[in-house]
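Protein chains in written order, with my numbering: chain A, 5 to 753; chain B, 5 to 753.
Please keep in mind that the hints were generated in silico from the structure rather than gathered at the bench.
Check the hints yourself; a few may be wrong.
What the hints assert, rightly or not - Simulated restraints on C-beta separations:
| id | chain 1 | residue 1 | chain 2 | residue 2 | range |
| --- | --- | --- | --- | --- | --- |
| 1 | B | 266 | A | 253 | 41 to 51 Å |
| 2 | B | 557 | A | 753 | 51 to 61 Å |
| 3 | A | 306 | B | 257 | 35 to 45 Å |
| 4 | B | 124 | A | 42 | 49 to 59 Å |
| 5 | A | 550 | B | 257 | 57 to 67 Å |
| 6 | B | 718 | A | 546 | 34 to 44 Å |
| 7 | B | 124 | A | 735 | 55 to 65 Å |
| 8 | B | 305 | A | 396 | 56 to 66 Å |
Stated by the list, open to error - Examples of chain B residues toward chain A, derived with CB under 7 Å:
| id | residue |
| --- | --- |
| 9 | 61 |
| 10 | 472 |
| 11 | 475 |
| 12 | 476 |
| 13 | 478 |
| 14 | 479 |
| 15 | 481 |
| 16 | 617 |
| 17 | 637 |
In this text, a Cβ means the ideal position worked out from N, Cα and C, and glycines have one as well.
2 protein chains.
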Amino acid sequence: MNASRQGGDEESGLPRPSELLPPLDPEQLDVLAELGRRWPRLAPYRPRTYEALPVDPDLGEFRRAEVGRGPFGRLAPIGPLAPPPTGDGEAEASTDESTDASPEAGPGGAPALRHRARRLLLGAPLRSTTLAHESMRKLVALPVLAADALSSVAYGPEALLTVLVLAGTAGLDWALPIAATIAFLMLAVGLSYRQTIRAYPHGGGSYIVASDNLGRVPGLLAAGGLLIDYVLTVAVSISAGVAAVTSALPALRPAIVPLGLAAVALLLLGNLRGVRQAGMIFAAPTYAFLIAVVALVGSTLADAARRDFVPVPPTLPHATEGVGVLLVMRAFASGSTAMTGIEAISNAVPAFRPVRWRNARTTLTWMVGLLIALFAGVVASAHFSGVVPGGDETVLSHMARLTFGPGLLYGYTQAATAAVLLLAANTAYNDCPRVLHLLARDDHAPHIFQRQGDRLAFNNGITALSATAALVFLAFGGETSALIPLYAVGVFLAFTLSQAGMVAHWHRRRTEPHRRKNLLFNATGCALSGLVLVTAAITKFLEGAWVALLAIAVFVVLASRVRGHYATVRAALRLRPGAVTHVDARLPVKEAVREQAAPREEGPACRGEEEETPQQVRHLTVVALAVLDLSGLRALAYAASLGQPLLALHISPGEDEADRFRDYWDRWGDHVPLHVVLSPYRALIAPLVHYIATLHAQRPDLTITVVLPEIVPRHPHHRLLHSHDAARLRRALRPLPKIVITEVPFHVP
Amino acid sequence: MNASRQGGDEESGLPRPSELLPPLDPEQLDVLAELGRRWPRLAPYRPRTYEALPVDPDLGEFRRAEVGRGPFGRLAPIGPLAPPPTGDGEAEASTDESTDASPEAGPGGAPALRHRARRLLLGAPLRSTTLAHESMRKLVALPVLAADALSSVAYGPEALLTVLVLAGTAGLDWALPIAATIAFLMLAVGLSYRQTIRAYPHGGGSYIVASDNLGRVPGLLAAGGLLIDYVLTVAVSISAGVAAVTSALPALRPAIVPLGLAAVALLLLGNLRGVRQAGMIFAAPTYAFLIAVVALVGSTLADAARRDFVPVPPTLPHATEGVGVLLVMRAFASGSTAMTGIEAISNAVPAFRPVRWRNARTTLTWMVGLLIALFAGVVASAHFSGVVPGGDETVLSHMARLTFGPGLLYGYTQAATAAVLLLAANTAYNDCPRVLHLLARDDHAPHIFQRQGDRLAFNNGITALSATAALVFLAFGGETSALIPLYAVGVFLAFTLSQAGMVAHWHRRRTEPHRRKNLLFNATGCALSGLVLVTAAITKFLEGAWVALLAIAVFVVLASRVRGHYATVRAALRLRPGAVTHVDARLPVKEAVREQAAPREEGPACRGEEEETPQQVRHLTVVALAVLDLSGLRALAYAASLGQPLLALHISPGEDEADRFRDYWDRWGDHVPLHVVLSPYRALIAPLVHYIATLHAQRPDLTITVVLPEIVPRHPHHRLLHSHDAARLRRALRPLPKIVITEVPFHVP
C-alpha cells in the first residue's frame, strides 16, 4: 500500500492518469498468453493489419469538423494524430473565448446550447498533462492556506462565550483562562505539525500518516474524522459568513438559508471549474480580515487602556446554570473549534517553493503565531468591551459596531469576515476530494472519486461534498451554534490520530536525529488533542457530537465493506490459472438449473460465465416481438444476420391474439421458428423473464442473446410516450448469467 | 374513431386485452408477404419445426416450481399449457392466503420478501378474463354512485355562505334565493343527464359524448375539465373530510397535511389492489351520511318551527364588502360546487341490472331528488340556526354540535361525513383512470395509461391521479376554501360540453322519437351549465380559476401534440410499399455523412435504418475495452463468436498506457485488430462516441454493434461501486442510427 501510494505522491500528490489502469503482474501475463494460445486464429485476420475490416480504423478523415457538432462537441476530438486544441497551456479562465470558437456554432441545437453553457460556466477542458505544479511564495501561501484556521476566529471565541454566558458573570470570568489554555494547545499542536511537515514532505494528511503508521482502521477513523471536518468546515464557515452578512444587513435575515445555499452553489461551480488557489485574488480576503481584526482588537484594547482596563459590565440574561467542571469543559470544547484548519499547511507541502519543507514550516509558525494572537485578542476584546453573544448579531459584528460605529470601517470588517469564511469553505473543497481520491485508490471509497473531470477537478468528490454540506446546512437551519457541537469531534479525532501516527513513526526510526525531541513534541500534541477529543465527545454528546461519532463509525464500517467488495471483484476478474467463475451457483434460479438437456458433443462448452475463447460460446438468439411492424422486422433481420440459432418469441394476452399473430407469421413466410407465450395477466416482462430463465435452466451452457426492437424518438422528451420495456427487461434479466440484451434501435422523427 | 371505440364499450366499457395490439390492414399484410419473399430461406430451418434449435421452445419441463423463486415469482407461471393458478375466480381479498402459499418461501431472499409484501398489500394477480361484470341493485348503486354528489353537501353550502358572510347580514339574506337557483340548476342538469343515459347505454362520459358529437377539440376540452374535476374531487373531498375530523377532534388540527396524505395513500393502495365498488361496505357510508343529515336538518327545522321560524341572529364579523352583483355571482359559483358528481351515474350505466338504462334513470332521479333536498335543507338549517362559516370548524359540525350536543350523535355525524367524503374521493379513482385510458386509446395521452396491472387496475392512471391530487392538496395546504375556486370551472366545462354534445346528437337524429323534448332538456341543461361556467371563470378568475383554465389549455395543447407524435411514429413503423426510413438525415451528425467509402459491391446494402432482410445487414462489431481482465476477454470471445468483422478499441489516457496495452495485446496473441484511441482529457465516453460516430459517418451502410463488458454485482446496492459507462454510452449513442449496443454481463459475487 505504502509503495504504490508513494508513486503518486512524488508528483505533488496529484493522481497520475494511469492510476485507474493497474498493470498486470507476471502471473496474469502468463495466463493471458495461455488463454491466447487457446484462441483459434480467426480466419481473415492477419496480425497488425486492418485488411479484414470494412473500415479503416485509423480514420484518415477523422478531423474535428466532422464530429464537432454532436452532443460531445464540447470536447476537442480525440485521435492518435489529433493536433492539440488551440490555447492548450491553459489553467486560466481567459483562454475560454479562444477555444470556444467556431465549430460548435453548427446546427446541433440543444446539445450545442447545453455545451456552450457548460463551457461558459466551467471552461474548456484541460489535458491531463497540464497538471499544475503550483509553487507558492510564502506571502501567498500563508493567506491561502491559513484562511481556514484564521477565519475560525470569527466563530471560535463566540462559541466559547456562548457556553460561558449561561452561567452569567461568574461564567464569563472563565473566558480568559480557557482562552489561554486553547492558545497553549494551538502552540503544542502547531509544534507537532512542524514534525509532520519534515517527515512527510510529499504531503502528510491525517489519513496518510495514520494509516501508514498505525494501520488500516486508525487510518479510516482519521479519514472519517477528516470527512466530517470538511463537511462541517463548509457548513460552519458558510453559516458564520452568512451571519456576518446578516449582522450588517438585518434585512437579509429571513434569507439565511437561500444565501447559504447560494454560497454552496458558488463553491461547487468554482471548484468544478477547477479553481486554483494560487494568485493574489485568494490571498486578499485573508489579509483584509487580518487587518480588520487587528484594527478592531487594537482599538478595543486602546479604549480599555483608557479605562485602565476596567471591563465594561455586560448586559447579561439571567444565568441558567452554575459554574461547574462540566460547563467549563463544554466551553473549552466549543472554543477549541478555533483550531480547525491548523493542519492545512501539512497537507500542502508540495505546493511551496523549494526548500519546500523549510518554507512550509516557516509559514506554519507564522500562522500559529497569528492564530494565537487573533484568538487571544478577540477574547480579550470581548471581555473588556463587555460584548456577549446573544440576539441575531455576531460577537465580532457587535464589537466592530461598538468600536468603529456603523460606518465604512464596520462594513469593511463584515465584508472581510464573510470573504475569509467563504475562502475557508473553499479550502475544504481543495482537500476533501483529494482525501476521497486517496480513499478510492485504497479501495475504501467508490472508484468514481478517482475520476477527474475534463477540468482536472475531482468532480464527484466536489459534488458529494457540496450535497452533504448543503444537507447539513439545511438540517441545522444555517445556525452556527447548532453546528459547533458536531465540529470538534471530527477535527480532533483526525488531529489525535495523525499525531499518534507521528509518535509511532518516530518510535520506529531509531536512527533518526532529534528523534527523542520530535517524539516528545508529537506525543504532547497527541495527548492534548486526545484530551480535547474526549472532552468534546463527552460534554457535547447529547448536543450533537453523537451524530459525528455515529457518522464516523458508519463510515469505517462502510469503507471496510467497500474494500471487501472491491477485493472480491478484483479476484473474480483476475486472469488466473484455470479461471472458472461459479457465478450462477449463487443466483436465485440456481435450484432451477437442471442437468436435463445434455450439451452438444463438439467442442468444450461452458456452464458458467467462463468463456474466454470464441469456440466455447454456444449461441441462442431470441427475438422478442410484440407486434410485426418495421421495427420488429428490422430486429428480426438483425438477429438472423448474426447467423446463430434463432427463435422468435411473442407474448400474447389471449388465444385470439396469438392465433392472429401466427397467421401474420405464416403470411410473412415463417422464416424463423416462432413460439407464442400466453400472458393471461397482461404482463410483458414477467413472462419473458420466466421463459428465458427456464431456457437458461434447461441449457446453462448456452449464451442467450435477447434481441429487442427499441423505438427511439428524436426528442428525448418523447421517450415518455413510449414503453421502456427494454430497460425493464434488462434490469429483470441482469441477475441471470449468460444472458446478453441487445436493443436494435429504430429511430422515429 | 367512433367505430373502434364502440367495440370496447360493448363490454361494459372495460378495455379488451388486445387493444394494445391493433390488427394489420390488407395493405400491410401484402407488404408483409412481399418482405417475406425477399428473405432468404435460412438454411437449417424447416417451417413449423424446432429442429434447428438447441432447445425445445415448448419447454416441456416449464413448471411453476422451476422458476417460482425468481424476482417475478409473484406471478404465476406463464406457458401455453400452464394450469390456472389456485383460487382463480377471485375478485375478493379472501383468496390471497390460498395463492400466497408454498413456492415463494424459497431462498429468493429480498425479491421473495418484496413480493410477499406486494401480494399482501395488493393481492394475487387477476386473469384478464376475470373482468368483473358488476351488476348492482338500485339500492346499492344509489349510495355507491351518489357518494360524490351527496357528499358535496358537506362543503357546497359552506362555500356559498363563506362568500355571502363577507357582506354581513345583508349578504346572508341572499343565501336562500341563491340556494333555490342552484336547486333549480340541479334539476335541469339532472333532467339533461337522463337523456344522456338513454342515448349512451354503454356509458356516456363527457369525453365520449363531446368528442363523438362535437369533434376532437371539444372532446379534449371536456376531458381536460374532467381530469381537473377528478383531481379536485380527491383534493377537496379529502380536505373536507379531514376538516370534518378536525372539527370533532381539534387536537388533530396541526396534522391536517399528514392526515390528508395518509388518506391519499390509502386510496392509492386500495385502488392498486383493484377495489370493487359493489357491495354493501361501500353503500354504508352514504346511507349513514344521509341519515345524519336528515336527522340534523329535521331537528334544526323542528327547533326553528318552535320559534315560529324566526332565525337566530348570527354572530358576524364586520362586513368587508357590500352586496353587489359580483358578490352574489361569486357566491352562486361557489355554491354550485355542490353539483359535482351529478354525472357519475351516466358513466356507469353498464353496471346496473337490466334494463340498465331504465334502472340508471330511476337511480339518477332519486339521487337528484336527495341532493336537492339535502342541499336546500342544509342551507335552510344554517339560516334558521344562525350558523355561519368561520374559525376552524365546519358549518355542518357547528350545526350538529348546536343541535345534538357534543355527544354520540355528534360524533356519528362527523364520522359519517368523513367516511362519505373518502368514498367520494374514491369515485374519482374509479373514473379518472378510465378517462385516461380512453384518452390513451385515442392517442391523446401516453399509452402507458392503457396498461392494466396484474390486479386489472389501471395502475399508471391511479398513480398519476394520486400524485397530482397529493401535490394539489399540499400546494393549497389542505384548505377546502382555497381549492373551491379551481373546482367549479373544470366541472362545469365538462357538464356544458357533454350537454352541448347531446344537443348536437339530437339535432342530427331527426327520426328519433321525442327528439324535440330531449333536445329541449339538453339545451336547457347546457345553457345553465354554461352560465355557471362563465360566472365561475369570471368571478373566480384571480382566486384560482385561472389555474384550472390554464391547466385545461395546456392539457389540450399537450394532448394534441401527443396525438401528433403517435401518428408520426405509427407512420414510421407501418409496413408500407417501398418502406424506407430516412432517419439519419435528421440527426446532428448528418453533415458528417460523407459519401467517401463506397459500400461493397455484392448485395443490396442499406444506408438508413431500412434493413428488413438479413442479407441487407452489413456488420461491424466493435469491442470497447478499458482493461484486459476476464470480463474483457469474455466480451472479446462473445464478439468473435458472432463471426462478423471485429475491431477491438481501447481508450487510453496516455502514450505510456497505450504502449502497455499494445504489449499485453501482443502477448495475448493479437487475435483481433486493435485500435487505441488516446484521450488526453481522461474522458471515456466522449472519445468512444466520437470514434463510433465517425465510423458511422464514413460507412453509413454498416450496422455497428458495440460490445461492452459489464460487471454485474450480486447485490444491486453494490452497483454504486461500479462505473455505469455502459448505460452512459447507450444514452450517448442512442441518437445515432444503426448502432446496436450489446452488454456482455460478467457476474461477480
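Here is how each hint holds up against the structure:
1. 266/B / 253/A: 41 to 51 Å: holds (43 Å)
2. 557/B / 753/A: 51 to 61 Å: violated (26 Å)
3. 306/A / 257/B: 35 to 45 Å: Between residue 306/A and residue 257/B, where Cβ atoms are some 59 Å apart, the hint is violated.
4. 124/B / 42/A: 49 to 59 Å: holds (52 Å)
5. 550/A / 257/B: 57 to 67 Å: violated (34 Å)
6. 718/B / 546/A: 34 to 44 Å: holds (40 Å)
7. 124/B / 735/A: 55 to 65 Å: violated (23 Å)
8. 305/B / 396/A: 56 to 66 Å: holds (59 Å)
9. 61: The hint holds - residue 61/B has a Cβ within 7 Å of chain A, the shortest such distance being about 4 Å.
10. 472: Interface hint status for residue 472/B: violated (15 Å vs cutoff 7 Å).
11. 475: At about 18 Å, which exceeds the 7 Å cut-off, the nearest Cβ of chain A leaves the hint on residue 475/B violated.
12. 476: violated (21 Å)
13. 478: With a closest approach of 19 Å, the residue 478/B hint is violated.
14. 479: At 20 Å from the nearest chain A Cβ, residue 479/B fails the 7 Å test, so the hint is violated.
15. 481: violated (20 Å)
16. 617: Constraint on residue 617/B satisfied, holds at 6 Å.
17. 637: holds (5 Å)
Hint check: violations occur at hints 2, 3, 5, 7, 10, 11, 12, 13, 14 and 15; the rest are consistent with the structure.
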